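S.K.: Below, each chain spelled out in residue letters.
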Amino acid sequence: MAVAEASASAKGQGMRVALFITCFNDTLFPDTGRAVVRLLERLGHEVEFPLDQTCCGQMHFNTGYQLEAIPLARRFVRTFAGYDAIVSPSGSCAAMVRDYYGRLGEIAAEEEGDTALAEQVAQVAPRVFELSELLVGQLGVEDVGAYYPHRVTYHPTCHSLRLLKVGEAPLKLLRAVRGIDLVELPEAEECCGFGGTFAVKNADTSMAMLSDKLRHVLDTRAEVCTAGDNSCLMHIGGALSRQRSGVRTVHLAEILAATEDDARA
Amino acid sequence: MSGPSPSFPESARVALADTQLRRNMGYATQTIRAKRALVVDELPDWEELREAGRAIKERVLRHLDEHLEALEQSVTRAGGQVHWARDADEANRIIAGIVSGHGATEIAKVKSITSDEIKLNEALAARGIEAIETDLAELIIQLDGDESSHFLVPAIHRNRAEIREIFLEHLDVDELSDDPRELAEAARLHLREKFLSARVGVSGANFAIAETGSVLVVESEGNGRMCTTLPPVLISLMGIEKVLPTFQDLEVFLQLLPRSSTGERMNPYTSVWTGTSEGDGPQEFHLVLLDNGRTSVLRDEIGRQTLNCIRCSACLNVCPVYSRTGGHAYNSVYPGPIGAILTPQLVGIHAAESLPYASTLCGACYEVCPVKINIPEVLVHLRGKVVRHKQAEHSGWRARLDPEAAAMAAMARVFSSRARYERAQRLARLGQAPLARRGPISHLPGGLMSGWTAMRDLKALPQRTFREWWVERDGSRADA
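Sequence order for the protein chains is A and B. Convert by adding 93 to the 1-based position in the first sequence; the result is the number in my numbering. Convert by adding 1 to the 1-based position in the second sequence; the result is the number in my numbering.
No lab work stands behind these hints, which were simulated from the structure alone. If you're wondering where the values come from, they're calculated on a predicted model, not measured in any experiment. Keep in mind that the hints are not guaranteed to be accurate.
Unchecked claim - With a straight-line cut-off of 20 Å between C-alpha atoms, the simulated EDC-like cross-links for lysine to aspartate or glutamate are:
(1) A:K258 x B:E394
(2) B:K36 x A:D192
(3) B:K373 x B:E354
(4) A:K258 x B:E405
(5) B:K386 x A:E199
(6) A:K294 x B:E49
(7) A:K258 x B:E48
(8) A:K258 x A:E280
(9) B:K373 x A:E235
(10) B:K373 x B:E252
(11) A:K294 x B:E368
(12) B:K120 x B:D90
(13) B:K36 x A:E199
(14) B:K386 x B:E423
(15) B:K386 x A:E204
(16) B:K120 x B:D145
(17) B:K373 x B:D42
(18) A:K258 x B:D42
(19) B:K120 x B:D147
(20) A:K294 x B:E354
(21) B:K386 x B:E302
(22) A:K294 x B:E11
(23) A:K265 x A:E235
(24) B:K386 x A:E282
(25) A:K294 x B:E378
(26) A:K258 x A:E199
(27) A:K258 x B:E52
(28) B:K391 x A:E204
(29) B:K36 x A:E280
(30) B:K120 x B:E131
(31) B:K460 x A:D124
(32) B:K386 x A:E203
(33) B:K386 x B:E405
(34) A:K258 x B:E49
(35) B:K460 x A:E316
(36) B:K36 x B:E222
(37) B:K460 x B:D475
What the hints assert, rightly or not - Chain B is nowhere near these chain A residues, computed Cβ spacing over 10 Å in every case:
(38) G107
(39) R127
(40) R135
Glycine is no exception: its CB is placed at the ideal position from the N, C-alpha and C atoms.
Please model the entire structure based on the sequences and the hints provided.
M.R.: What follows is the structure, encoded as structure tokens:
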């Protein structure tokens with residue numbers, strides 16, 4: 094219910110949104126976080142950044158360290174308890190909270206007799222949105238007033254696509270960007286081969302998958318490859334950089350935050 | 002499947018370097034993928050069918066004991082004999098006993114993955130009985146002394162030119178092109194004699210119906226039907242999870258299976274038999290019900306959905322890992338995403354602990370699964386078991402020596418406090434200084450992360466974290 098009310102109020106006036114930056118973006122990609130803040134404030138919303146947030150526990154959970162992820166889930170629900178909408182510029186971290194915290198709640202109940210976590214998760218998890226979901230699905234906006242005069246191709250990351258099911262939302266936002274030359278990525282829905290610890294545990298297979306993704310990106314002759322997740326982009330971009338390919342990776346938020354003024358500056 | 006086999010990363014490394022294999026796998030999986038998508042998209046009620054398939058399987062598994070006893074009664078009533086096999090050895094003994102009892106020294110086999118699971122051919126060979134594979138792809142594999150790499154198309158890793166070579170070497174032919182029709186004709190001539198001479202046929206079972214005692218085999222070539230109708234004795238081996246309550250349930254599964262596996266609207270050869278009938282087909286029928294670890298899979302609330310599997314292989318064809326490494330890298334008769342969750346559960350997590358990690362958790366498998374097995378969910382669940390197994394085995398100082406466990410424990414501690422987390426961010430920035438003096442990091446020394454920099458640059462840490470920017474901005478806003 095809280096979500097519906099939040100989106101209803103958003104139509105009339107600005108909404109109060111908590112930013113779940115993710116530890117990865119906080120540490121490695123601060124520009125993405127700044128872009129989210131700039132974009133939402135430009136659209137008239139108020140952004141808050143609860144400083145107690147650290148990591149959602151996705152890496153621990155997905156690698157098999159589920160018990161170690163439980164305290165991180167507890168920390169997350171405590172930190173974000175008071176917000177109607179929580180936005181994250183990461184499809185996989187948003188999916189971790191929304192799709193898998195329920196399972197962590199079950200494990201906490203089974204292993205530690207803690208039933209409170211499951212209840213808190215049920216309250217908080219449905220209010221977590223990936224950026225494009227928040228913009229298109231909750232705030233009802235597609236044209237965010239961005240200007241980005243570059244040739245861009247979009248890679249739909251697996252967790253945005255198959256866990257969150259963001260569908261066309263990122264493409265709707267990109268199509269409305271002025272100056273953009275958006276080109277379709279062949280075999281777009283195929284995984285890039287990142288997979289968190291997969292990239293180091295199965296480095297050879299990861300590289301084989303990445304090679305194909307790079308080939309498709311280069312085939313588009315785009316200068317920018319974008320996505321809703323910097324982890325996949327770091328994987329793709331790391332190889333584009335190594336190959337001196339002349340293509341860079343840029344998070345969706347940074348494209349949507351860009352304006353004519355930036356272009357002139 | 003017993004004894005230590007190489008880990009998935011080790012085998013994958015070898016497979017990925019085989020350019021012919023890469024080409025064959027890429028071509029074949031893309032082709033089947035496209036065919037499946039076409040025939041699935043044309044069904045408006047596909048999602049409802051999937052849900053029905055899942056629901057039927059879940060209900061069957063909940064009352065598996067009752068359905069199996071009902072099946073035994075129905076088969077017996079129809080003139081068949083039912084045998085219960087706790088494990089592979091017991092199943093092999095039962096089957097070999099029946100064959101030897103008839104004084105037979107060869108059997109004609111319908112393609113059956115379950116028979117590969119129990120290594121039936123080897124067990125029979127040890128008792129002087131030759132098993133002749135009659136499925137075209139299985140024949141190719143058998144002639145070449147190779148192993149299957151796919152449920153449905155066991156020789157998916159081979160192309161026409163390679164198959165021609167195998168036939169020229171092992172079949173009684175002098176001239177042969179790589180035209181598919183000529184290849185099939187050579188196999189046909191070879192197999193016809195076998196069908197007529199074999200006195201015992203052996204099959205698997207796609208489904209068995211508790212209500213009627215009927216057993217089904219679904220295939221594309223008609224060779225299976227030869228095996229189930231020509232020899233006077235028929236033995237069918239099935240995993241206990243293959244039972245369905247009623248004939249009506251086939252309505253769902255005979256729509257789901259062909260579209261998911263071969264990308265066909267309807268299956269070409271669907272053989273159904275119920276016990277024996279005088280003067281028609283085999284006069285003796287044996288059904289061997291195999292557990293071999295399945296009841297222990299059933300005990301696991303999250304893992305048990307694995308037993309929904311109808312062996313369609315749709316998950317293999319869409320898997321970005323399988324379609325590059327092929328099936329042999331899994332070192333298991335069940336390859337691909339389903340193999341990565343089924344094998345560790347059947348043989349024990351310690352015997353296949355690299356398999357749950359042979360996935361990026363991209364979810365493509367779950368999306369196409371006709372019985373909605375949430376493969377990523379089970380993979381993560383099994384990874385949890387791998388970690389706990391390791392933690393139990395290496396307690397104390399040995400656990401601290403495992404670099405992954407140590408890193409995970411350290412990070413869990415860092416993330417448990419804001420102060421520690423912020424300190425770690427600052428320390429990391431200092432620590433990278435020698436590596437990132439000029440732009441991105443292109444080489445990391447040894448250890449866990451060296452795989453990353455083999456192909457990718459690593460982004461250097463920026464001068465300021467997001468939170469440092471935020472705090473500064475908040476401060477300046479408060480001052481203003």
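S.K.: All hints are to be evaluated individually against the structure, with a verdict given for each.
M.R.: Against the structure, the hints come out as follows:
Of the pairs offered as hints, the one joining K258 of chain A and E394 of chain B is violated, with about 40 Å between alpha carbons and a cut-off of 20 Å exceeded. Taking the CA atoms of K36 of chain B and D192 of chain A, the gap is about 31 Å. The hint is violated against a cut of 20 Å. With a C-alpha separation of about 24 Å, the suggested pair K373 of chain B and E354 of chain B falls outside the 20 Å cut-off, and the hint is violated. At most 20 Å may separate the alpha-carbon atoms for a hinted pair to count; K258 of chain A and E405 of chain B exceed this at roughly 32 Å.
Proposed proximity of K386 of chain B and E199 of chain A is supported: the alpha carbons are some 16 Å apart, at most 20 Å. Taking the CA atoms of K294 of chain A and E49 of chain B, the gap is near 38 Å; set against the 20 Å cutoff, the hint is violated. In summary, the hint linking K258 of chain A to E48 of chain B is supported, as the alpha carbons are separated by about 16 Å, within the 20 Å threshold. For the suggested pair K258 of chain A and E280 of chain A, the alpha carbons sit about 18 Å apart, so the restraint of at most 20 Å is met.
Our distance criterion of 20 Å between C-alpha atoms is broken by K373 of chain B and E235 of chain A, whose separation comes to about 33 Å. A threshold of 20 Å between alpha carbons decides the hint, and for K373 of chain B with E252 of chain B the separation of about 17 Å falls inside it, so the pair holds. The straight-line distance between the Cα atoms of K294 of chain A and E368 of chain B is roughly 25 Å, outside the 20 Å bound, and the hint therefore fails. Distance restraint check for K120 of chain B and D90 of chain B: the Cα-Cα separation of roughly 9 Å lies within the 20 Å cut-off, and the hinted pair is therefore satisfied.
A threshold of 20 Å between alpha carbons decides the hint, and for K36 of chain B with E199 of chain A the separation of about 40 Å lies outside it, so the pair is violated. For the hint pairing K386 of chain B with E423 of chain B, the CA-to-CA distance comes to about 32 Å; that exceeds 20 Å, so the pair is violated. Distance hint between K386 of chain B and E204 of chain A is fulfilled; the C-alpha atoms sit about 14 Å from each other, no more than 20 Å. The hinted pair formed by K120 of chain B and D145 of chain B meets the criterion: a straight-line CA distance of about 17 Å does not exceed 20 Å.
With a C-alpha separation of about 17 Å, the suggested pairing of K373 of chain B with D42 of chain B holds against the 20 Å cut-off. At roughly 18 Å between alpha-carbon atoms, K258 of chain A and D42 of chain B fall within 20 Å of each other, so this suggested pair holds. Taking the CA atoms of K120 of chain B and D147 of chain B, the gap is near 13 Å; set against the 20 Å cutoff, the hint holds. With a C-alpha separation of about 12 Å, the suggested pair K294 of chain A and E354 of chain B falls inside the 20 Å cut-off, and the hint holds.
With a C-alpha separation of about 13 Å, the suggested pairing of K386 of chain B with E302 of chain B holds against the 20 Å cut-off. As the CA atoms of K294 of chain A and E11 of chain B are separated by approximately 11 Å, the hinted pair is consistent with the 20 Å bound. For a cut-off of 20 Å, the pair hint linking K265 of chain A to E235 of chain A stands: about 6 Å separates their Cα positions. For the suggested pair K386 of chain B and E282 of chain A, the alpha carbons sit about 30 Å apart, so the restraint of at most 20 Å is broken.
With a CA separation close to 19 Å, the supplied pair K294 of chain A and E378 of chain B stays within the 20 Å bound. Annotation: proposed proximity of K258 of chain A to E199 of chain A is violated, straight-line Cα distance about 24 Å (limit 20 Å). Distance hint between K258 of chain A and E52 of chain B is fulfilled; the C-alpha atoms sit about 19 Å from each other, no more than 20 Å. Distance restraint check for K391 of chain B and E204 of chain A: the Cα-Cα separation of roughly 18 Å lies within the 20 Å cut-off, and the hinted pair is therefore satisfied.
For the suggested pair K36 of chain B and E280 of chain A, the alpha carbons sit about 16 Å apart, so the restraint of at most 20 Å is met. With a CA separation close to 13 Å, the supplied pair K120 of chain B and E131 of chain B stays within the 20 Å bound. Note on K460 of chain B and D124 of chain A: the hinted pairing holds, with a Cα-Cα distance of about 13 Å set against a maximum of 20 Å. As the CA atoms of K386 of chain B and E203 of chain A are separated by approximately 15 Å, the hinted pair is consistent with the 20 Å bound.
The suggested pairing of K386 of chain B with E405 of chain B holds, with an alpha-carbon distance near 15 Å, which does not exceed 20 Å. Distance restraint check for K258 of chain A and E49 of chain B: the Cα-Cα separation of roughly 19 Å lies within the 20 Å cut-off, and the hinted pair is therefore satisfied. For the hint pairing K460 of chain B with E316 of chain A, the CA-to-CA distance comes to about 18 Å; that is within 20 Å, so the pair holds. A C-alpha spacing of about 18 Å is found between K36 of chain B and E222 of chain B, which places the hinted pair at or below 20 Å, so the restraint holds.
At roughly 27 Å between alpha-carbon atoms, K460 of chain B and D475 of chain B are farther apart than 20 Å, so this suggested pair is violated. No Cβ of chain B comes within 10 Å of the Cβ of G107 of chain A; the nearest lies about 16 Å off, and the non-interface call holds. A beta-carbon of chain B is positioned within 10 Å of the beta-carbon of R127 of chain A; the least distance is around 6 Å. Distance check for R135 of chain A against chain B: the nearest CB is about 15 Å away, which clears 10 Å, and the non-interface claim stands.
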